[in-house]
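Dock chain B with the ligands against chain A, hints included.
First to last, the sequence lines map onto chains A and B. The first sequence runs 51 to 414 under this note's numbering. The second sequence runs 694 to 1012 under this note's numbering.
One or more hints might be untrue.
As the list claims (entries may be wrong) - Capping the alpha-carbon separation at 20 Å, the derived lysine to any residue pairs in SDA-like fashion look like this:
hint: 1; chain 1: A; residue 1: Lys335; chain 2: B; residue 2: Asn950
hint: 2; chain 1: A; residue 1: Lys343; chain 2: B; residue 2: Arg955
hint: 3; chain 1: A; residue 1: Lys364; chain 2: B; residue 2: Ala874
Hints were generated in silico from the structure; no laboratory data involved.
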Amino acid sequence: MAKDIISVKDLRVWFQVRRGFIESILSEEQKFVKAVDGVTFTIKEREIFCLVGESGCGKTTTGKAILRLVEPTGGEVAYFGPGKEDMMKEMVDVALAKDNIDEDQAERIMERGGISIRALNKKRMKSMRQKLQIIFQDPYESLNPKQSIYDIVAEPLVVNGIGANEAEREERVTKALNDAGLRPPKNFMWRYPHEVSGGQRQRVGVAGALVLDPDFLVADEPVSMLDVSIRSEILKLMLDLREHKGLSFLFITHDLGVAYVFSDRIAVMYLGKIVEMGPTERVIKNSQHPYTKALISVVPTPDPKDREDKIILKGERPDPSDVPPGCRFHPRCPSVMDICRSEEPKSVFVSPGHSVSCHLLTMQ
Amino acid sequence: MALLEVEGLRTYFKTQEGTLKAVDGVDFTLEKGHAMGLAGESGCGKTTAALSIMKLLPANGYIAGGKINFMGQDMARVTGEKLRAIRWRDISIVFQGAMNALNPVKRVGEQIAEPILLHEDVDKEVANKRVKELFELVGLNPNRVREYPHEFSGGMRQRVMIAMALACKPRLVIADEPTTALDVMIQAQILELMKTLQRELELAMIIISHDLSVLAETCETLCIMYAGKIVERADSVEVFRNPQHPYTQGLIAAFPNVKGERTMPGAIAGNPPNMIAVKPGCRFADRCSLTKDICLNEEPPLIEVLPNHYAACHVVKPR
Ligand SMILES: Nc1ncnc2c1ncn2[C@@H]1O[C@H](COP(=O)(O)OP(=O)(O)OP(=O)(O)O)[C@@H](O)[C@H]1O
Ligand SMILES: Nc1ncnc2c1ncn2[C@@H]1O[C@H](COP(=O)(O)OP(=O)(O)OP(=O)(O)O)[C@@H](O)[C@H]1O
Ligand code: SF4
Ligand code: SF4
Ligand SMILES: [Mg+2]
Ligand SMILES: [Mg+2]
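Same shape as in the complex, but just chain A (with noise of 0.2 Å):
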């Protein structure tokens, strides 16, 4: 069975509300933006793992704090990916010339533990950064229009002092649009970004995310902004990226159709909270979650046939900082019952790897 990568465990991501001087006088109470509120799921090497929900339900909150882009509020991420061993050499070492640890204590460690991004120091995080990287979510506002390509995906190089002299930089930097499918690179390396189409526009983002020659790739809404003509193309040249360089990937997605066909496993995120997990085809094609029923429902289809029995759910984001009582979704679920307005569901297994959050599936 494949390894894990990255595990996360209960994350959380709250931001405080900003509030008038009034407010803050006459409350006590600090209220936060739920954004991230108990996340737990694990990807495994060469895995494609895919988190779909609404706008504002804390996809790209999740990601970012993957990789500590934004400081977590609560929970756990390790890694568990290539170069863990020495890193945790190394800082077993430490522990044990300091007599934190003994002998014992230390192999235990190396056995089991993978490496807890959280609690990394900032020389270490640096280091740790190079192997997980994100291509962010807009390729237009992402992309500084002022500076060549070159410079743009050379730029993580210089930033963590990595290359020892420009003849070596511009080495790796032609091997990331090469392997971004930029090619010849020489082509593109000096021109700017408006110079080129949007589908190689999203292809200099990923060749910057690639640079660095990570391990695990947060891949947020990559294709969205793409027409459809040219968005296969960069979800295969991500397949290929798996195959010959082992990437993993976190990507994320409101698209349920890209999804459906690009991903290993599927989490669907609610306000904050994975609702539904599992295999992408079951998920899919065999969702228990009505929340997942009504998004499936509910994608543009060209067959009317399908369209007969939509579950258009009423009203629009919920609000992150008001997480209303028992199951976060009782207020626009059709199915809600008297226990889901006060008490939480617990993720139960409906198949092996296959976990929904609801209340319909543990009555009985």
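Just chain B with the ligands, lined up with the frame of chain A:
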């Protein structure tokens, strides 16, 4: 008589590099109360076609040829008072990305009342009453007319834009990418609203989207555009079941379908052509897998290849 007949429409832009032929010979007809979809890749001329019908082209754009016959008037030629009488009253448009362009310091209700006061001889009270009715019509709470745009979510702002387009009770509404920035549940709500409005108000609609399945859900007919031309036109269901043009086939194959087989969608390699220096022959030739000699020399005309099903491709013969 059809509500709208577009014949040989050409709309060009003057640019530094030369004349950009954004729309280069487009024909279609739209019956009263019908919805037509316009699909195609970014830059193929969808918005330009819509702006031509509304006569709202930017300063460097102009109608270089063709007819736009709307209720007996040639829109390509009307100007002044006459144009003003039609625009917004008989035809209106929901602009691409407009929900992000509402005036942030003006109450939403006032912004909807504006076109009513401008185009109709009514007083403020009547206009405000109409605004409340419009709010109700598009599923917004009429008590919120005095709020500002930032107090509305994306989906609600799109409803506001639709209300604004309906303000003067037009016969034809053009909606340019009405759901593109919205996520799937809100998209479903807006599409449902548009279908209901079309039915209840007997509205004709032209819906523009790069997402074919959105159009399949809302429109009776579908036009596929490529590089300034319509390459296929037929009933929406027919386009999906029986696409004739290689480009349409490629577009459909590029769509992952959650309700279908789990297979990797196809890609259409290459990029659309430069529309300033248009090469002779079929515009799709350098991306097409069926290209023959004739394709490089002669432009294929849009012809009826099956009953009520039009395609512009040398390989597709009438049957
Ligand atoms: N820095 C921040 N401060 C306060 N609130 C934030 C911050 N970042 C995100 N949020 C809030 O957290 C919630 C989750 O945001 P996030 O960007 O993770 O959503 P998402 O699922 O990626 O949505 P989308 O599909 O629109 O990208 C939202 O309500 C958002 O407004
Ligand atoms: N004001 C302008 N001046 C010059 N060229 C323009 C202007 N507006 C649009 N164009 C060009 O005309 C062509 C058609 O543009 P249009 O906006 O109609 O495309 P579209 O099909 O609506 O694309 P999208 O799906 O990206 O909205 C494009 O090549 C575009 O770059
Ligand atoms: S727990 Fe209750 S409210 Fe929540 S999804 Fe299940 S049935 Fe609906
Ligand atoms: S005319 Fe020729 S190049 Fe154009 S779509 Fe048909 S076969 Fe392809
Ligand atoms: Mg996001
Ligand atoms: Mg457009």
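Comparing the hints with the structure gives:
A hinted pair counts as satisfied when its Cα atoms are at most 20 Å apart, and Lys335/A with Asn950/B qualifies at roughly 12 Å. Between Lys343/A and Arg955/B, the direct Cα distance comes to roughly 18 Å. Compliance with the 20 Å bound is thereby established for this hinted pair. Proximity of Lys364/A to Ala874/B is assessed by CA-CA distance (about 19 Å); at most 20 Å being required, the pair is judged to hold.
In summary, the structure agrees with every hint in the numbered list given earlier.
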